[in-house]
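Asker: These protein sequence lines are chains Z and D, in that order. Heads up: the first sequence runs through residues 1 to 244, numbered per the working numbering. Heads up: the second sequence runs through residues 1 to 266, numbered per the working numbering.
Hints may contain errors.
[Stated by the list, open to error] Calculated cross-link-like contacts (lysine to aspartate or glutamate; reagent style EDC-like; alpha-carbon spacing at most 16 angstroms): (1) Z:K232 - D:D104; (2) Z:K232 - D:E192; (3) Z:K217 - Z:E58; (4) D:K117 - D:E259; (5) Z:K233 - D:D108; (6) D:K109 - D:E216; (7) Z:K224 - D:D70; (8) D:K117 - D:D104; (9) Z:K232 - D:D108; (10) Z:K233 - D:E259; (11) D:K117 - D:E216.
[Said to hold, decoys possible] To give an idea of the chain Z side of the interface with chain D (calculated C-beta under 8 angstroms), a few residues: (12) H15; (13) A22; (14) A51; (15) N80; (16) T220; (17) V221.
The hints are simulated quantities; they were obtained by calculation from the structure and are not laboratory data. Backbone N, C-alpha and C fix where the C-beta goes; we use that ideal spot for every residue, glycine too.
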Amino acid sequence: MVAVILFLAITSAFHLHFMLLAGDWDFWTDWKDRQYWVTLTPIVAITFPAALHYVFWEKFRLPFGATFAIVCLIFGEWMNRYFGFHVWSYFPFSEIWPATMIPGAIVLDVVLLLTGNFFLTAVIGGIGFALLFYPANWPMLAAYHLPMEVMNSVVSVADYIGYTFTRTATPEYLRFIERGTLRTFGGHSAWVASFFAGFVCMLMYFAWWYLGMLLTKVVTVPNKFKQLMGLKKDPRPSSEQLAV
Amino acid sequence: MGIMQAEVDQPARQVDGGASRPSARADFSTGAIAPIRTTALGVIGILVLMIAYRIYQQVFAWSAGLDSTDPAFDTYWMGLLQWQLPAIVASWAGLWSYLFVTRDRHLDKLEPREELKRYFRLIGFIFLYAFAVYWAASFFAEQDAAWHQTVVRDTSFTPSHIVLFYGTMPFYVLFGVGSLLYAMTRLPRFAEQLSIPFVLAVAGPFMILPNLGYNEWGHAFWMMEEFFSAPLHWGFVVLGWSVLALGGLLVQIVQHMTELFRRCDA
Chain Z
1 MVAVILFLAI
11 TSAFHLHFML
21 LAGDWDFWTD
31 WKDRQYWVTL
41 TPIVAITFPA
51 ALHYVFWEKF
61 RLPFGATFAI
71 VCLIFGEWMN
81 RYFGFHVWSY
91 FPFSEIWPAT
101 MIPGAIVLDV
111 VLLLTGNFFL
121 TAVIGGIGFA
131 LLFYPANWPM
141 LAAYHLPMEV
151 MNSVVSVADY
161 IGYTFTRTAT
171 PEYLRFIERG
181 TLRTFGGHSA
191 WVASFFAGFV
201 CMLMYFAWWY
211 LGMLLTKVVT
221 VPNKFKQLMG
231 LKKDPRPSSE
241 QLAV
Chain D
1 MGIMQAEVDQ
11 PARQVDGGAS
21 RPSARADFST
31 GAIAPIRTTA
41 LGVIGILVLM
51 IAYRIYQQVF
61 AWSAGLDSTD
71 PAFDTYWMGL
81 LQWQLPAIVA
91 SWAGLWSYLF
101 VTRDRHLDKL
111 EPREELKRYF
121 RLIGFIFLYA
131 FAVYWAASFF
141 AEQDAAWHQT
151 VVRDTSFTPS
161 HIVLFYGTMP
171 FYVLFGVGSL
181 LYAMTRLPRF
191 AEQLSIPFVL
201 AVAGPFMILP
211 NLGYNEWGHA
221 FWMMEEFFSA
231 PLHWGFVVLG
241 WSVLALGGLL
251 VQIVQHMTEL
261 FRRCDA
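In isolation and in its complexed conformation, chain Z is listed as follows (with noise of 0.2 angstroms):
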């Protein structure tokens, strides 16, 4: 029962911390072909196998908190795709499916296995994390990165999917991404991603390693209250009355 709750308290508060800063964009084969995809992802989805990573280890000796966390991301998103964005909003399955992390956060589990140490955990396993997450996802994205040429324009088959399918409710959505130079068709701009995304991946780990350590920390205060809920007031004199 208390994996259970695990399970499902993890999937709601990674899956909402995932949504609202990876953005719903994770979704979106079109949005896979940009440079921020490759960026953000790592970078946002490494904060709670970090934490948990902390609280599995370090209280119980249990060394899968990353795989955990990301199975309960993508358990929750995959729930999602199939009845929130397919059954419900008649999105096409081949236009919206989640990235995998998990040979990501295989690999961060045993950099902690192997070594028992954050630090190390932190620069080997979160630059793992980061540079596994572009060919972890390459079967799924492969056949949506051919060009093909739309009214004489070279485009990716996941922009033209993603053009015809409009999402009315997004203009905010073509603005941002389009700018600079983050259209590609997977070329070396991407692997320097993935590498800017493991450096940034590094210093999220602490971060993230410390927060978790912080929210499980067992702290108490006394409850001014606990005549109301039952208990005998304490028999021993407050300190107002000893300085009487």
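Once you have looked at the hints, place chain D on chain Z.
Answerer: Same frame as chain Z, now just chain D:
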């Protein structure tokens, strides 16, 4: 999890080995001490309600939920809102009042075995809380993104929001505050000292409810289109992080129960 199971098994083995001691093992192993039936009924109740919400959305969102000025919208969606809000407030008042009024007024005389049973009930209560939070924060929350990518929000009370913001979110507050009240009114350790991880794990998700006001105000003034990673939504994110404090609560409950198992075994 593993440790907790080990803690459960440990005294059972010891009790089994001592012929002169009362057979506590039977109680531990048959589930007599754990509120399995009550928790299962709670899970089924929540599941039925959530599935009913989802079916209602499927049937009436496209047919009556696209235009807030449509009379059908008033019937099917504002009608649901007007029915569910009083029901949820009544359930808050009912459950929380019940927990407080029926509190144990002699917590200092509580037997260890009874206290242990109450810890299992508390875990069942937290289970229902986590289950209700899942539907709100994961299932219906991202459905909101899917819906508003396609359907423009012309009111704060959309078919997605009425279920997510004014249905499922207040609903999990019922169990969050309820579990905290249960612990404080029935378990001496939680009545003596306020548990900060417990308060965080309840207060963070609870504060998402008032944050909805900011969210709706921001959407009304600044942006009507859907943009899920907008800073406007980051209040939800930070408040959601507090769920991690359940880890601290878990450690605390394990510590308390370990001590109780020892006392039961003594």
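Asker: Tell me if the interface restraint on Z:A51 is satisfied: Cβ within less than 8 angstroms of some Cβ in chain D.
Answerer: holds, 6 angstroms
Asker: Hint validation: Z:T220 versus chain D, beta carbon distance must be below 8 angstroms. Holds or violated?
Answerer: It holds, given that the least Cβ distance between Z:T220 and chain D is near 4 angstroms, below 8 angstroms.
Asker: Mind checking the alpha carbons of Z:K233 and D:E259 for me, to see if they're no more than 16 angstroms apart?
Answerer: This hinted pair is violated, its Cα atoms lying about 23 angstroms apart.
Asker: With chain D as the partner, please determine if Z:A22 meets the hint condition of a C-beta pair closer than 8 angstroms.
Answerer: Cβ of Z:A22 sits 7 angstroms from chain D, so the hint holds.
Asker: Next item in the hint list is Z:N80. Is there a CB on chain D closer than 8 angstroms to its CB?
Answerer: Holds. Min distance 4 angstroms.
Asker: Taking only the CA atoms, is the gap from D:K117 to D:D104 under or equal to 16 angstroms?
Answerer: holds, 14 angstroms
Asker: Have a go at the Z:V221 hint: is there a Cβ in chain D nearer than 8 angstroms to its own Cβ?
Answerer: holds, 5 angstroms
Asker: Check whether the Cα positions of Z:K217 and Z:E58 lie no farther apart than 16 angstroms.
Answerer: holds, 12 angstroms
Asker: Can the restraint linking Z:K224 and D:D70 be considered satisfied, given a maximum Cα separation of 16 angstroms?
Answerer: violated, 53 angstroms
Asker: Run the distance test for Z:K232 versus D:D108: straight-line Cα separation, threshold 16 angstroms.
Answerer: holds, 7 angstroms
Asker: Hint check: is the beta carbon of Z:H15 less than 8 angstroms from a beta carbon of chain D?
Answerer: Since the shortest Cβ distance to chain D is 4 angstroms, the answer is holds.
Asker: Keeping to a limit of 16 angstroms between CA atoms, is the pair of D:K117 and D:E259 held or broken?
Answerer: Roughly 14 angstroms separates the two Cα atoms, so the pair holds.
Checked against the numbered hints given earlier, this structure breaks hints 6, 7, 10 and 11; the rest are met.
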